[in-house]
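Could you build all of it, start to finish, from the sequences and the hints given here?
If you use the UniProt record's numbering, the sequence shown corresponds to residues 1 to 565, in order.
For the record, the hints were derived by calculation from the structure and aren't laboratory data. Nothing here was measured: the structure is a model prediction, and the numbers come from that model. Careful, some of the hints might be misleading.
Said to hold, decoys possible - Here are the computed lysine to aspartate or glutamate pairs in the EDC-like style, where the Cα-Cα straight-line distance is at most 20 Å: (1) K58 x D32; (2) K71 x E104; (3) K503 x E472; (4) K279 x E290; (5) K367 x E438; (6) K475 x E430; (7) K300 x D310; (8) K233 x D248; (9) K542 x D320; (10) K144 x E99; (11) K349 x E430; (12) K529 x D518; (13) K542 x E323; (14) K344 x D360; (15) K144 x D310; (16) K442 x D364; (17) K198 x E223; (18) K349 x E290; (19) K245 x D176; (20) K96 x E107; (21) K344 x D303; (22) K342 x E290; (23) K448 x E438; (24) K475 x E525; (25) K233 x E223; (26) K253 x E302; (27) K349 x D301; (28) K475 x E540; (29) K448 x D303; (30) K503 x E438; (31) K384 x E345; (32) K96 x D70; (33) K253 x D364.
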Amino acid sequence: MVTQYWPDREPPPGEAIFPFNIHENDRQQIRDNIVEGIIRSPDLVRVQLTMCLRAIIKHDFPGHWPAVVDKIDYYLQSQSSASWLGSLLCLYQLVKTYEYKKAEEREPLIIAMQIFLPRIQQQIVQLLPDSSYYSVLLQKQILKIFYALVQYALPLQLVNNQTMTTWMEIFRTIIDRTVPPETLHIDEDDRPELVWWKCKKWALHIVARLFERYGSPGNVTKEYFEFSEFFLKTYAVGIQQVLLKILDQYRQKEYVAPRVLQQAFNYLNQGVVHSVTWKQMKPHIQNISEDVIFSVMCYKDEDEELWQEDPYEYIRMKFDIFEDYASPTTAAQTLLYTAAKKRKEVLPKMMAFCYQILTDPNFDPRKKDGALHVIGSLAEILLKKSLFKDQMELFLQNHVFPLLLSNLGYLRARSCWVLHAFSSLKFHNELNLRNAVELAKKSLIEDKEMPVKVEAALALQSLISNQIQAKEYMKPHVRPIMQELLHIVRETENDDVTNVIQKMICEYSQEVASIAVDMTQHLAEIFGKVLQSDEYEEVEDKTVMAMGILHTIDTILTVVEDHKE
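Okay, here's the thing in structure tokens:
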């Protein structure tokens with residue numbers, strides 16, 4: 001009710017009756033008591049009240065309710081630690097309200113944070129020696145406040161060199177400290193949700209963001225030139241040292257939460273570019289590449305479990321852009337790509353390492369998947385390097401084509417993915433191109449595993465778009481290919497495969513005309529199924545899929561306009 005009816009509202013045009021809203025007398029009562037309500041409520045109620053507080057701050061701060069600052073400050077300074085979490089949650093709502101606003105619109109927040117930022121810095125310094133659950137919960141909340149404050153604009157009027165040095169030492173301490181050993185008794189799937197790992201994650205999130213957005217000279221807007229030089233010179237190496245230690249713990253098979261690993265990769269990705277951080281990283285990069293990045297990029301037990309139990313969910317996860325955003329695998333891939341592109345010694349050593357795995361028939365197949373994953377991730381660089389680009393056709397012939405016939409589904413899927421990655425390769429032997437296209441078609445039409453079929457669809461379409469001869473080879477097979485693509489879309493409702501159909505229609509407009517009616521009927525059935533489906537977690541996903549199908553139907557109609565039959 002608060003979120004919907006808080007602000008004054010005007011009557012619709014032509015009507016005299018004002019729509020309902022909460023009366024000012026009642027609003028004042030709520031303002032006077034909501035902070036105390038949040039502090040004293042149990043968690044489930046507190047969550048609801050904090051959302052109400054956000055709505056009130058959005059409409060009333062600072063104009064109608066400047067007193068909220070004093071109210072939060074009063075409880076933050078309380079001798080009773082019981083009031084700290086609630087007051088920090090209130091402060092978080094205040095900062096979140098301004099998180100995405102332009103720097104010039106954040107003045108009320110900046111004025112408030114001149115009071116709060118020193119206060120929460122002092123509080124977290126006092127809390128750091130205590131690693132109990134409640135203490136770390138408070139520390140995590142302070143970190144979330146700091147992140148929301150600096151994510152899109154760093155208020156330099158609040159953060160001078162001295163205060164930033166204290167904050168960076170806080171972040172370094174949290175990232176470096178040991179998680180209580182008793183947490184190892186908890187199921188590994190549940191560990192990332194533990195407050196100790198979440199606190200580390202937020203500290204890493206902050207330092208990675210500061211380095212990326214404000215601390216990389218040559219990559220910042222002019223107001224941060226001076227800060228970026230200071231950050232790189234003063235903090236970057238010290239923080240990186242702690243992150244190298246975390247990666248070494250992972251190497252030693254100690255548990256590291258996935259999001260902590262991901263953020264460590266993100267930070268190091270910035271460090272590769274700068275000589276001062278690269279100098280420190282360089283002696284370790286081979287171990288990082290071979291023992292950490294490679295390990296993260298291999299097929300894992302949890303992948304196998306999901307593939308076997310729910311292959312459609314496996315497909316959804318692998319093609320979900322939001323999964324990519326939080327994935328250590330994607331972050332590892334990005335770090336390796338940056339290192340291979342910017343630092344000349346990285347690529348030859350990593351390729352030699354991968355070839356060694358691929359040429360030894362006794363190697364674990366999961367490591368072969370990792371080697372293919374690494375090489376495919378570096379395809380764009382390899383195809384531009386004279387040393388490697390002429391070897392890639394032989395690589396496909398010797399290592400990828402045979403694995404497309406593997407009895408392991410995940411290796412067949414990975415091999416299709418590699419074909420997709422190298423689809424723009426200039427083939428010297430036409431037989432190899434024909435083999436690539438035939439194997440992709442065979443995987444699409446004949447393979448029994450749906451994740452393989454999806455990867456094959458993307459590989460085949462990409463080969464056809466990039467290779468003129470491939471398009472000719474597949475002309476006689478357009479009907480079975482299109483039928484299979486429609487079957488995959490009906491089964492998986494995967495938007496990437498819908499895009500493949502659209503591109504194939506454009507490539508084969510003449511051939512599609514003869515099967516246009518059948519295709520349109522199938523797409524109409526799939527469209528109805530999507531609209532009625534309850535399986536989508538987000539309405540946006542359903543909308544994207546439905547729009548993709550409508551675009552595909554529209555593409556067919558455009559193609560057949562010139563065909564009277």
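Taking the hints in turn, this is what the structure says about them:
1. For a cut-off of 20 Å, the pair hint linking K58 to D32 stands: about 16 Å separates their Cα positions.
2. Taking the CA atoms of K71 and E104, the gap is about 25 Å. The hint is violated against a cut of 20 Å.
3. As the CA atoms of K503 and E472 are separated by approximately 15 Å, the hinted pair is consistent with the 20 Å bound.
4. Taking the CA atoms of K279 and E290, the gap is about 19 Å. The hint holds against a cut of 20 Å.
5. Between the alpha carbons of K367 and E438 the distance comes to roughly 26 Å, so the proposed pair goes past 20 Å and is violated.
6. With a C-alpha separation of about 17 Å, the suggested pairing of K475 with E430 holds against the 20 Å cut-off.
7. Under the criterion of a C-alpha separation no larger than 20 Å, the hint pairing K300 with D310 is consistent with the structure, at around 15 Å.
8. A distance of roughly 24 Å separates the Cα atoms of K233 and D248; the hinted pair therefore is violated under the 20 Å criterion.
9. Taking the CA atoms of K542 and D320, the gap is near 13 Å; set against the 20 Å cutoff, the hint holds.
10. Simply put, K144 and E99 have alpha-carbon atoms about 11 Å apart, close enough for the 20 Å limit, and the pair holds.
11. Of the supplied pair hints, the one linking K349 and E430 is violated, its CA atoms being roughly 30 Å apart against a limit of 20 Å.
12. Distance hint between K529 and D518 is fulfilled; the C-alpha atoms sit about 17 Å from each other, no more than 20 Å.
13. Note on K542 and E323: the hinted pairing holds, with a Cα-Cα distance of about 17 Å set against a maximum of 20 Å.
14. Annotation: proposed proximity of K344 to D360 is violated, straight-line Cα distance about 26 Å (limit 20 Å).
15. Distance check on the hinted pair: K144 and D310 sit about 35 Å apart at the alpha-carbon level, beyond 20 Å; violated.
16. For the suggested pair K442 and D364, the alpha carbons sit about 26 Å apart, so the restraint of at most 20 Å is broken.
17. The hinted pair formed by K198 and E223 fails the criterion: a straight-line CA distance of about 32 Å is larger than 20 Å.
18. A C-alpha spacing of about 9 Å is found between K349 and E290, which places the hinted pair at or below 20 Å, so the restraint holds.
19. Our distance criterion of 20 Å between C-alpha atoms is met by K245 and D176, whose separation comes to about 8 Å.
20. Taking the CA atoms of K96 and E107, the gap is about 14 Å. The hint holds against a cut of 20 Å.
21. Simply put, K344 and D303 have alpha-carbon atoms about 33 Å apart, too far for the 20 Å limit, and the pair is violated.
22. For the suggested pair K342 and E290, the alpha carbons sit about 18 Å apart, so the restraint of at most 20 Å is met.
23. For the given pair, K448 sits about 17 Å from E438 by alpha-carbon distance, which is consistent with the 20 Å threshold.
24. With a CA separation close to 26 Å, the supplied pair K475 and E525 exceeds the 20 Å bound.
25. For the hint linking K233 to E223, the alpha-carbon distance of about 18 Å falls within 20 Å, and the restraint holds.
26. Restraint check for K253 and E302: the C-alpha separation of about 17 Å stays at or below 20 Å, so the hint holds.
27. Simply put, K349 and D301 have alpha-carbon atoms about 28 Å apart, too far for the 20 Å limit, and the pair is violated.
28. Distance restraint check for K475 and E540: the Cα-Cα separation of roughly 36 Å exceeds the 20 Å cut-off, and the hinted pair is therefore not satisfied.
29. Distance hint between K448 and D303 is fulfilled; the C-alpha atoms sit about 18 Å from each other, no more than 20 Å.
30. For the given pair, K503 sits about 19 Å from E438 by alpha-carbon distance, which is consistent with the 20 Å threshold.
31. Annotation: proposed proximity of K384 to E345 holds, straight-line Cα distance about 16 Å (limit 20 Å).
32. Taking the CA atoms of K96 and D70, the gap is about 18 Å. The hint holds against a cut of 20 Å.
33. Restraint check for K253 and D364: the C-alpha separation of about 18 Å stays at or below 20 Å, so the hint holds.
Checked against the numbered hints given earlier, this structure breaks hints 2, 5, 8, 11, 14, 15, 16, 17, 21, 24, 27 and 28; the rest are met.
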